[in-house]
Amino acid sequence: MNTQTENKTQTTIDKTDCISGSEAVIKCLLAEGVDILYGYPGGAIMPVYDELFKYRNEIHHVLTRHEQGATHAAQGYARISGKVGVAMATSGPGATNLVTGLADAQIDSTPMVCITGQVASHLLGSDAFQETDIIGISTPVTKWNHQVTKASEIPEVLAKAFYIAKSGRPGPVLVDITKDAQFEEFDFKYEKCTGVRSYNPVPKIDSAAVLEAAKLINAAKKPMIVWGQGIILGQAEAELKAVIEKGGIPAAWTILGASAIPTSHPLNIGMVGMHGNYAPNMLTNECDVLIAIGMRFDDRVTGNLDTYAKQAKVIHFEIDPAEVDKNVKTDVAVLGNAKTSLQELLPLLQEKTYPEWHNKFKDLYAIEFEKVIKDDLHPTKEGLTMGEVLKEINIQTNGNAAIVSDVGQHQMIACRYAKFNKTKSNITSGGLGTMGFALPAAIGAKMAAPDREVVAIIGDGGYQMTIQELGTIFQQKVPVKIVVLNNEFLGMVRQWQQLFFDKRYASTEMTNPDFVAIAKGYFIDAQKVTKRKDLKAAVKEMIDSDGPYFLEVRVEKEANVFPMIPSGASVSDIRLS
Amino acid sequence: MEEELYTVSVYTENNIGLLNRISAIFQRRHINVESLNTSASEIDGVSRFTIVVRVTEDQIKKIIGQIDKQIEVIKAYYHRDEDTIYQESCLFKIKSDLLFEERQIQNIIKESNARIVTVNKEFFVLEKSGRKEEIDLLHRELSVFGIMQFTRSGRIAVTKEEMKISKMLQAFNQ
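So the sequence lines, in the order shown, correspond to chains A and B.
Just so it is clear: in the first sequence, position 436 is 436 by the working numbering, and no numbers are missing.
Just so it is clear: in the second sequence, position 134 is 134 by the working numbering, and no numbers are missing.
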């Protein structure tokens with residue numbers, strides 16, 4: 001590194017438009033409306049942090065306790081606000097610690113921009129201190145990435161980064177900036193990016209395809225909708241509701257589509273997939289027209305593709321052309337944004353109701369209630385169930401809370417039983433299944449929506465993967481509510497071991513620390529519940545608390561999550577026990 | 001569905017790192033790339049990848065979708081052999097003595113339409129452009145005499161039908 005350039009951190013800027021690359025980074029973020037970012041400083045990003053100090057009243061930097069926490073917090077922020085989440089880290093280990101969050105954001109289509117520092121450009125490729133090829137490493141898990149080696153490239157690259165991250169099917173972008181580019185000065189000018197010639201974010205809707213879809217739906221006797229996160233990302237909640245209501249079509253959701261339509265809506269028939277509801281899974285193999293909207297036929301949703309909805313005509317409303325026919329062959333594909341596509345579809349739909357068809361869902365729900373839901377929500381045995389904790393949270397928050405769940409049994413229980421009145425209320429790691437997601441994601445969610453109650457539901461395993469973020473919660477005074485459902489097991493793996501590996505519980509039993517003491521060590525109010533009689537009061541105390549609050553609930557050790565479609569089985573082979 | 005040989009043409013921005021993104025699409029699906037060539041295209045500032053793979057039609061359609069969605073890819077296409085004019089190129093380095101002492105070598109060069117690029121006291125270099133089978137044949141024939149070095153390019157191809165890439169770019173600029 002050139003010493004003369006290194007010393008430029010102290011240089012006063014004479015001309016207002018001639019600034020350092022570092023200051024340009026901050027000005028670009030401000031121009032994009034960023035007022036909060038999550039990160040962790042280090043040698044190769046220090047010039048940007050130095051500038052950030054100057055702009056600390058305009059951009060709030062949240063020092064997480066690990067770079068992975070920064071990415072998940074940025075994801076939580078993005079998921080609840082619909083805006084781009086921003087995370088920053090230094091080179092080398094700082095950058096590699098972002099990879100899990102990038103991969104999670106990529107598979108769950110979360111708009112995120114990550115900025116990493118990099119060693120000076122003359123050191124690139126020399127195995128310099130804290131050098132990693134983060135561009136090469138992050139390529140498979142980013143929507144786009146780019147390395148900047150000249151300060152003058154920063155405005156254009158960051159403008160492009162934000163545009164790509166949030167447009168079309170959103171996703172994570174990484175911009176890696178060498179240290180010399182952070183010091184270098186140049187004449188700053190910023191223009192927002194409005195298009196990239198090799199990138200067509202939203203395909204033009206083919207009206208003939210919409211018409212064909214409408215004809216199929218109008219002719220159907222047993223139509224069924226499965227919607228995904230495309231509804232939430234495309235802000236198409238009202239349009240979906242209108243289509244469902246006019247067409248009288250029973251509608252189910254994928255895990256990331258949860259909350260787009262209130263849980264209480266009479267045509268909302270529940271969750272599809274491995275631990276989804278009995279009726280929509282079973283009747284996927286009975287409907288005559290399957291209308292998939294903004295979902296990608298994930299293997300956790302479809303089970304065995306050879307037997308998935310083979311009797312049905314399949315209509316796929318999708319923004320990403322690569323998703324069409326990727327897993328399930330469609331009869332009609334309508335490319336485009338869900339909002340616009342459904343707006344075109346609505347006037348073409350006939351007003352209908354399907355009482356007999358709808359009763360089939362009700363009948364199967366009654367079976368699921370008897371065999372699964374009743375015991376989950378109204379248990380008569382001594383041990384506390386995860387379901388009854390969710391039920392109590394629903395009651396105390398009137399279904400208005402945003403639920404941030406981690407990964408495992410508690411996640412499936414949270415998604416199955418949380419009541420959602422509002423959209424963007426279910427924040428979870430769907431595609432990657434990232435344990436450790438919820439605690440930092442809840443921080444971001446609460447900071448993006450301070451007026452909303454944000455409750456993180458976490459298992460004892462995942463909690464310990466990012467438990468250090470309690471430090472961030474304490475330092476930032478984020479009034480997030482944390483519920484750990486402790487069964488002293490890696491519960492979902494244990495369930496599989498019980499069902500498919502002859503109960504050989506290989507490395508899934510956890511000896512846990514005193515979680516309450518740890519929370520209190522971070523000056524967070526906390527308590528533990530082990531008896532049903534104490535649950536209601538404990539949840540009330542948590543919800544009534546003004547600050548962050550930790551609640552540990554000791555739940556049954558070896559309870560299982562049902563219904564369940566065994567991996568690779570047909571959706572109609574769903575088990576209730 | 002049976003595997004076939006497909007030629008993939010990808011028009012891209014000329015940016016660092018794109019080769020990595022595109023090759024990763026094949027790597028991730030455990031698809032062995034038969035050959036890969038990158039070069040300038042007929043459009044200024046636009047690069048072209050020509051990739052040959054043996055896959056099913058279902059697979060190639062999905063791969064094209066994944067390539068097409070990369071931000072810096074302008075457009076990707078796939079073609080069967082009958083839809084393209086394609087060539088490969090190769091170089092043989094052979095001992096000069098053989099050129100003068102083995103009459104048969106001279107006949108092979110003549111009949112294969114290969115071209116002598118250079119000759120010196122130690123070795124001569126032979127260049128041959130053509131289809132894979134023609135190059136394979138020449139390689140077999142020359143192997144009998146001994147080859148000092150051999151290298152061949154990936155396939156390059158143009159399509160018989162027009163590829164409407166220029167119109168797409170014009171539409172963007174309007």
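Please keep in mind that the hints were generated in silico from the structure rather than gathered at the bench.
Certain hints may be false.
[To be verified] Facing chain A, according to a computed beta carbon distance under 7 Å, are these residues of chain B, among others:
#1 E13
#2 N20
#3 Q27
#4 K62
#5 G65
#6 K69
#7 I71
#8 V73
#9 I74
#10 E134
#11 G154
#12 K167
#13 A171
#14 F172
Please read all numbers here as calculations on a predicted model, not as lab measurements.
Ideal Cβ placement from N, Cα and C applies to all residues, glycine included.
Practice task
Return the numbers of the hints above that this structure violates; sort them in rising order.
Solution key: 3, 10, 11, 12, 13
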